[in-house]
Each structure stands twice: as C-alpha cells, then as structure tokens.
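There are 2 protein chains.
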Amino acid sequence: MWEVMLPQDFSKLEVIGEGKTKIVRRMENPDLVLLEFKDAITALDGEKKDTLTGKGHINARISSFLFEFLSKEGVPTHYVSFIEPNYMVVRRLKMLPVEIVCRNIAAGSFTKKYPVKAGSRLKYPVVEYYLKDDLRHDPMMNEDHIVVLGILPSIEEVKEIKELTLKVNKSLSNFLDSKGITLVDFKLEFGKDKDGKICIGDEINGDSMRLWDKETGRVLDKDVYRQGKKLSEVLETYRECYKRIIGEEPKV
Amino acid sequence: MWEVMLPQDFSKLEVIGEGKTKIVRRMENPDLVLLEFKDAITALDGEKKDTLTGKGHINARISSFLFEFLSKEGVPTHYVSFIEPNYMVVRRLKMLPVEIVCRNIAAGSFTKKYPVKAGSRLKYPVVEYYLKDDLRHDPMMNEDHIVVLGILPSIEEVKEIKELTLKVNKSLSNFLDSKGITLVDFKLEFGKDKDGKICIGDEINGDSMRLWDKETGRVLDKDVYRQGKKLSEVLETYRECYKRIIGEEPKV
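Chains as they are written, first to last, in our numbering: chain A, 1 to 252; chain B, 253 to 504.
Do not rely on the hints blindly, as some may be mistaken.
[Stated by the list, open to error] Simulated coverage check for chain B against chain A, where a stretch passes if three residues somewhere in it have a Cβ under 8 Å from a Cβ of chain A:
(1) 383-389
(2) 394-400
[Said to hold, decoys possible] Across the chosen pairs, the derived CB separations fall in these ranges:
(3) GLU336/B to ARG121/A: 51 to 59 Å
(4) ASP213/A to GLY271/B: 45 to 53 Å
(5) PHE10/A to SER361/B: 41 to 49 Å
(6) GLY371/B to LYS112/A: 32 to 40 Å
(7) PRO76/A to GLY499/B: 55 to 63 Å
Hints are computed from structural coordinates only; laboratory data are not their basis. Even for Gly, the Cβ is constructed at its ideal location relative to N, Cα and C.
Using the sequences provided together with the hints, build the complete structure.
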C-alpha cells in the first residue's frame, strides 16, 4: 500500500522542516512524510546541546514500536512504518501548535510551579496544554483557551484530545509497568489528517516521557541529560530504555 | 437577625487579617467578620502604592451594591450589610487560595501571554484559575490541578465555581451594559461557609473588574492607575465608576 524506498535515496528528499532532533522530508506520495531522527540531544530550550551517536536510531525505533502498540490499542496515530536505522514514515498531518502533557507523578516543572512534593503520585492523571510559541515561552492554556485562540473549532475536539491522551496514558502505563517501568509523565502532539481526523503525531520515546525504574527509581529518560550526567551515562540510559521497551539490544 | 454596631466601635475590634486594600476584623458573632476598605491603591504586585482619599468608601459601597444585586440574582455571596462609609459586614468563609478570572474581551496579561489582539471580544467567556501563592507568582491552574493539589475535593465543586462565575458574568454584564459599561473581565474569590456551601467572598469593584465605557472605550477601573495617570484623574475615574453603578454622587 505505501511506497518503499531504499535508505540511500533519503538524502535526496527535500527537507520541508527541521527541529532540534528531527528532520522532516517530503516523499513522493503527498500524503506521507519521512521523519529522520538525529543523534542530537538538547535541553534547557536548546541552550544545552550535544551529539549522542545512536540516539537517532534508539528514538526512531522506540517511537515506531510504541506507535505500533498504540495503533493496536485503537489509538489513531500518524505512524506508517519504521525504516532502519533512524527513519519513520508517517502520514502528513496538519499539526496543532499545542503540546499536551499528561502527569501521573509530580516531577519537573510541575513541582517548581505548584506546592506539591516531587515524586508524589497525583490523585488522578492530569492533562495540561501548552501553546507552542517560543517567543512567548510556551504559555500554559486551559481547554477554553484552545477554542478562543482558534486552535480548535470546538470544545468537543479539545475533549477528544484529552480523552485520547488519557487512553494513551492508560495503555502506555500498563505496557511499561509490565517492563518494570513507571510512566511518570509524557508529552504528545496532535494533528489532523487529510480527512480532518485527529491523530497523534511527532514522537514517543525517552525524549518525551519521564520513565522511572519501578523498583529502584532509576531515571530511564532524558532527565539524566538535564541533570548534567556524563554523555556515556546518558547514552547508556537511552540504551537501557531501548532494551526494556523493545526487548533486545540496540544496534549501537 | 445580624448585630448592628456603631462605627466608632470598629477600631476596638481585633484585626484578624490585613491585605493591601482591606482590613478584616473579628465581630462578636463568630459567623461574621467586618471588612474595612482602606484608601490605599496598589499595582504591580504591590510595588506601586498610593493613598486615594475616598477610595475605601467608593469600593466598599460598589462591592456592597453589586453583592446585593448578585444575591437577588440567586448567586450565593458572603455579603450581609454595608456600613457607612467604608465597611462591609460579611459571613465568615473559609477562603479557597484561588483567584478566578473571567474574560469577555482580551486585555491585560491575556494579550501579553497569548497571540490575541487587545480589545477583541472572545468567542465565548473564558474562566481562568490562579493559585494565590506570592512566592510562586500566582501560577495559572487548570481544573484538574485544583483537585490534585487538594484545593477542592472533587471536579464537581470546580465546575460549580465555574458555573457560578459564568452566571455572575452574565448578570453583571447585563446590569453594567444598562449603565453604559462594558464588562471586559473580572476576578472573583470563593470560599465555603460553615455549612460547606460555596459562596463568593472578597470584593467586586473597580479594583477587581475591567470596565470600559460602551461608547467611548474610556477606562473606568484601576487600569488608569496601572497606566500611571495622575492621582486626581485616578480618583475621578473611581468617582465616575461609582456614579454610573450606584446612580448618585459618592460622598467624597
């Protein structure tokens, strides 16, 4: 059904977008785009920046694996296929300029912003919305803001995104729990496909989730980099995350 | 039903709280407290500060008048009675540490935070919640935050506050419109009475509302002070606000 390309052709594909950790390339089929996961790692709004050889592969593979898992759970996503070592073919979405954060345990900015103990489990999962707007430092929004700012036409679509996020939280939490991992919090981005259907886009991996070992509390995500750990230790963390989720050694 | 006291006795009443613009005094009846409105005016988180003779009277009277109006509209409030010149007897509430803001038109911080044109009418009224926490600079919350932070026990009570706020918005907007005033936005604070019932507390006046003349757009609220206008002009604005709402000249 979908076109297949050989990796060596990819560099010829026109770049239509580039972020800190991913390059978006145009594909022949106008309904698809190619996501290339870079070996870059960044933190502090891009102020801290390094290269971590193999991270692109690890994150592309974990994202693909988790998108496949979520598709089987009935969650609409942009995912089409994984191409070794660091590519993901996805359906083209019109992305919403919103980051949706779901929190099970108080961590990160949440504990700085509110009077709550870091590491405490919340009474129930909380969904937050942030406007993607670098100049305005990604201000938090509530559900009504999303409608009055014209990001979505109705509160019903906001609720749909919230319900999908909570469904992802439930599915991912259960899956990760079976791998000995606590899903602390995560970020999603949504978009609409050509039929106007709301789907999950972007990526799901150790850059977009906080993951703690269930027993020891060991951090298995990008927080080790934010904390300023050695790059070798950061890479080892990404490798461990891969091994736990995929069930095999990463090819790096 | 309620005790009546002579103004000269008030200074003997124990002070049980004091803010930038109000003093709270204990009354003989333990279910009541006396709010004394000061002539102080402040802005920029208290950095800017002046005395405006007569403001205490104006704001106590406008608050009393609007609370009476809202009570008649079926909105539960803490209001009991007005005492000349600058006192309000209210039922004692256990206040929630939340400021609830309702916006009809984009103004103030909203236009700095989000990409929206100042002065544009929003698609529908938006309700926002801010944690009252000076050290944390009053962070914005969404409805779930209010529950997981333990401020209210259930999302149903949050919805109750939201519904009451929207009801106040409708009633006040209609009333003010009949006085030639556009209600741009306003702030409410809620508390629970001794029976656990959610009621509006604090004050409603030109310090807590943005009010624009319907025809000319003239500002009739504290924004003239925030804008750095002369104190005589600021007082004239408060007097005009009083005249429009109460329908007579203030006694200052």
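Original post:
Can the suggested window of 45 to 53 Å be confirmed for the beta-carbon pair ASP213/A and GLY271/B?
Top reply: The hinted range 45 to 53 Å holds for ASP213/A and GLY271/B, with Cβ atoms some 47 Å apart.
Original post:
Are GLY371/B and LYS112/A spaced within 32 to 40 Å by their CB atoms?
Top reply: Given range 32 to 40 Å: holds, Cβ gap about 34 Å.
Subject >> Status of the given 51 to 59 Å range, CB of ARG121/A versus CB of GLU336/B >> reply: 53 Å, holds
Original post:
Counting residues of the region 383-389 of chain B with a beta carbon closer than 8 Å to any beta carbon of chain A, are there 3 or more?
Top reply: holds (count 3)
Subject >> GLY499/B and PRO76/A - C-beta distance against the hinted 55 to 63 Å >> reply: Holds, at about 58 Å.
Original post:
Is 41 to 49 Å a correct range for the gap between the Cβ atoms of PHE10/A and SER361/B?
Top reply: Since PHE10/A and SER361/B have Cβ atoms about 46 Å apart, the given range 41 to 49 Å holds.
**OP:** Count residues of the region 394-400 of chain B with a Cβ under 8 Å from any Cβ of chain A, then say if the count reaches three.
**Re:** holds (count 6)
Against the hints set out earlier in the document, no violation occurs for any number.
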